[in-house]
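Kindly produce the complete structure, drawing on both the sequences and the hints.
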Amino acid sequence: MTSLTVKKHAFCSRFFVACSRLQYSSSAEKVQEQGQKENFRQLKIVGVHEIKERIQRTRFQRVRQPPRHLKMKVDQDWTNVWPTAHSFKWSVVPFPVRQGHVKNLAENEGMIPEKYGNLELMKIPNFLHLTPIHIKKQCQALKELCTPWPEGLEGNEINRLFPLESQTNDYCFASNNIRDPRARNVTVKFNVGNLKLTKAAKRKFLHLVGDRYDSVNNEVTLTSDRCPLKAQNFDYIMYLLTVLYHESSVKEAWEDEITLEDMSRIPWKLSSSRKNLVKMLAATNNINIKDENLTEEDQEKLKQLDSEVDEKYKTYKSTVLNLVNQGETKTNIENYKNSVLELMNLPKFEVH
Amino acid sequence: MTSKILLNIPRLCLRGILHPVINTAGPVCSCRHLTSDVASQQNVIQNIFTRKEKDEHSKIIFRTDVTNPGDHEIRHEGLLYTIDRGIFRRISSDDCFNRFKIQVRTFQEACIMIRKPALEVIHAMKNFDPNLPMPKFILYGHLGVGKNMTLLQTMHYAYMNKWCIIQTPWPQQWIERYTEVSKSTHKPGRIDLPMEARAFLCQLKSQNGIVLNDYKTQYRYDWTEREATEIGTPLIELLKFGLQRVKFADDVVGALLKEIKLLASQRKIKVLVVADGINGFFGPTRMKISDKAFKDTEQAKAGTGFLPTSDLSLIDNFKRLLEPDMVNSICVATVDSNLIPKVNRTDTITPQYLLGREGFAALDPFIPIHVTNYSDKEATSMMEYYTDRRWIHKESGKTHEGRKQLMFLSNNNPRELFKVCTTM
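Keeping their order, the protein sequence lines are chains A and B.
Numbered by this note's numbering, the letters in the first sequence go through residues 1 to 352 in order.
Numbered by this note's numbering, the letters in the second sequence go through residues 1 to 424 in order.
These aren't lab readings, by the way, just hints derived from the structure by calculation.
Not one of these hints is a red herring.
The following label-pair restraints were derived from C-beta to C-beta distances:
(1) Glu-247(A) to Asn-344(B): 34 to 40 Å
(2) Phe-408(B) to Thr-221(A): 48 to 54 Å
(3) Leu-262(B) to Asp-262(A): 39 to 45 Å
(4) Lys-275(A) to Asn-344(B): 22 to 28 Å
(5) Lys-275(A) to His-186(B): 26 to 32 Å
(6) Glu-350(A) to Leu-409(B): 30 to 36 Å
(7) Lys-251(A) to Asn-344(B): 33 to 39 Å
(8) Ser-265(B) to Ser-249(A): 52 to 58 Å
(9) Met-160(B) to Glu-292(A): 41 to 47 Å
(10) Leu-262(B) to Ser-318(A): 33 to 39 Å
(11) Lys-251(A) to Pro-188(B): 41 to 47 Å
(12) Leu-262(B) to Lys-251(A): 50 to 56 Å
Below, simulated DSSO-like cross-link-like pairs (lysine-lysine); rule was C-alpha separation at most 30 Å, straight line:
(13) Lys-199(A) to Lys-303(A)
(14) Lys-126(B) to Lys-314(A)
(15) Lys-312(A) to Lys-319(B)
(16) Lys-303(A) to Lys-290(A)
(17) Lys-330(A) to Lys-377(B)
(18) Lys-162(B) to Lys-261(B)
(19) Lys-301(B) to Lys-288(B)
(20) Lys-348(A) to Lys-319(B)
(21) Lys-216(B) to Lys-290(A)
(22) Lys-319(B) to Lys-269(A)
Note that the Cβ used here is the ideal one computed from N, Cα and C, for glycine as well.
Written out as structure tokens, the structure is:
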């Protein structure tokens with residue numbers, strides 16, 4: 001290593017000698033040529049020649065402009081100022097903002113830093129490109145690309161013709177990777193009434209679907225995120241739907257042997273309450289049901305009573321079914337009691 | 001005027017103007033027979049918790065002189081009233097209200113609290129539609145909560161208004177603790193319980209002496225070739241025949257109930273059907289068919305298992321009262337979780353669960369009435385009564401703090417409160 005530096009040094013000294021020689025020779029040549037051409041510039045040496053003072057050129061000085069927000073007009077179009085998403089620019093934003101943290105009163109005089117050169121404001125996302133005017137403008141621009149809504153598809157008609165409703169999300173952001181794992185989720189909603197199912201099949205369908213069924217609006221919601229792509233997930237839901245439909249339509253041989261005791265929900269037509277109600281009505285109309293030799297008139301009246309029961313005593317019907325099928329909650333018992341009081345023509349006991 | 005006087009009593013006592021025990025005649029006759037405007041009484045009861053130690057012995061009004069259950073209103077709720085002991089003896093026959101009878105013997109008076117469920121039933125008894133089938137009130141609630149006392153109060157009302165009372169005993173008497181079994185003379189396949197039927201007839205007699213005297217039979221009953229009850233015999237005669245000829249007691253019960261049903265449908269009498277633990281009358285009995293008592297019966301051919309309740313002629317007769325052709329009458333019944341076999345027993349007290357499918361089918365539509373624990377006001381009133389009867393004897397039981405603890409210990413459950421107060 002040291003030898004190398006020594007060598008280098010020798011080379012340097014030699015180089016300088018060569019240079020000085022060359023300089024010398026060139027200056028001699030210049031003196032010779034001076035006589036030949038007077039146009040050439042003279043070498044003027046301070047002290048030998050008189051040297052005029054150099055004229056100082058005035059330098060162009062740039063005037064520093066005030067920040068843009070000070071020059072803004074009140075009625076300007078903000079969309080032109082901030083057309084797209086951009087990180088915070090202190091000079092453009094026309095309102096005072098402060099962001100950051102001061103540790104103590106000594107730091108920045110205890111004041112939260114203002115917007116000038118404020119890094120904290122640049123870190124956070126802003127929505128200055130999404131003002132109502134922006135959105136209006138963008139919609140206006142998109143309108144040219146849209147077609148009018150087809151006629152006759154208003155209200156319920158759309159649900160009938162397009163029973164499936166799928167929901168997906170697209171995520172758009174500035175990052176080094178534009179994929180978002182949430183974009184693969186697919187949700188499909190549909191009304192159970194649109195499926196052509198028998199009563200038993202519907203019950204099975206609802207059993208299979210479980211808590212995905214919403215009894216309030218009679219809708220089933222299926223979601224999937226098990227496949228990596230959106231299209232795959234949608235296909236999977238379609239597959240699920242097909243399987244559910246066909247599986248619920250299957251009828252086993254033993255299902256014909258079902259009795260009232262096996263039923264989880266007692267239907268009104270077969271319930272003892274309905275029979276009791278008919279008996280009660282018959283008794284009030286002086287018809288003895290047990291009598292085998294009923295007159296034709298009585299039989300007709302009985303038939304009429306039997307057909308009227310469902311319509312006439314709707315509140316009683318619903319409260320009894322709630323009590324029997326949903327269980328004896330406080331409200332169910334209370335409702336049942338009130339409906340029976342009404343049925344029995346009894347006054348309510350009211351506490352003032 | 002009376003209310004003013006009453007409200008001032010504690011204050012006057014404090015000042016030494018009035019002696020704490022008042023025995024003067026007039027509107028304020030004695031401390032245990034105080035009557036007054038009830039609104040002020042309620043104020044007094046509510047104020048108990050804000051009282052200071054000084055006036056802990058001041059009396060709270062817990063009684064009412066209104067002894068006719070028909071006159072009770074909601075403003076009497078939480079007060080106690082006395083049933084005439086003669087009437088009580090008539091209403092409560094051999095084997096019901098046993099716990100209460102002990103209390104009556106101890107306190108030397110039949111005093112019960114006026115509570116909301118009973119008021120509700122009595123309100124319906126005053127205003128029901130006689131042309132519609134019998135409304136059935138099902139009382140439900142936890143054990144010891146006062147379902148039976150509600151029954152007693154409704155029965156008292158019925159007795160005072162000359163209703164016909166049909167009260168079944170605790171169903172275990174018929175389905176488990178029976179004494180004697182015989183084949184039915186009326187219908188083959190049925191089973192008679194002659195001694196139980198006789199007891200039932202005795203009870204009918206004591207509860208409905210007047211009604212049975214006034215009315216006569218409208219059917220003819222042939223008992224044997226020689227013995228028959230003609231049309232126009234007083235019902236009491238029919239009943240006495242049942243008492244004498246125990247063999248036919250079950251059939252006499254059937255005949256009497258049939259007559260009463262007919263009288264009710266003719267709007268001659270009003271009927272109150274009372275059943276404590278009505279859920280015991282549905283489902284199987286606790287009678288083993290393999291028992292040698294049933295050796296010669298038709299059921300014995302079926303083999304093993306328990307006898308269904310519908311095979312007992314007494315229960316069958318009673319169930320006919322629940323049919324929709326029974327009019328001009330009211331049924332008050334309780335459901336009790338004690339009647340469910342211990343293996344299956346849960347904490348559920350709701351009527352439909354306890355009745356089961358068969359019972360629900362027989363009784364629906366019924367009116368469920370929830371009997372709850374005492375409210376604070378009622379518990380305070382009751383403890384004041386116990387203090388008055390010297391059931392709460394210790395000084396600590398009379399203080400505000402002590403009462404609070406008693407209420408906490410008993411969870412305001414009437415039966416528990418009585419038990420807890422036993423030690424005081």
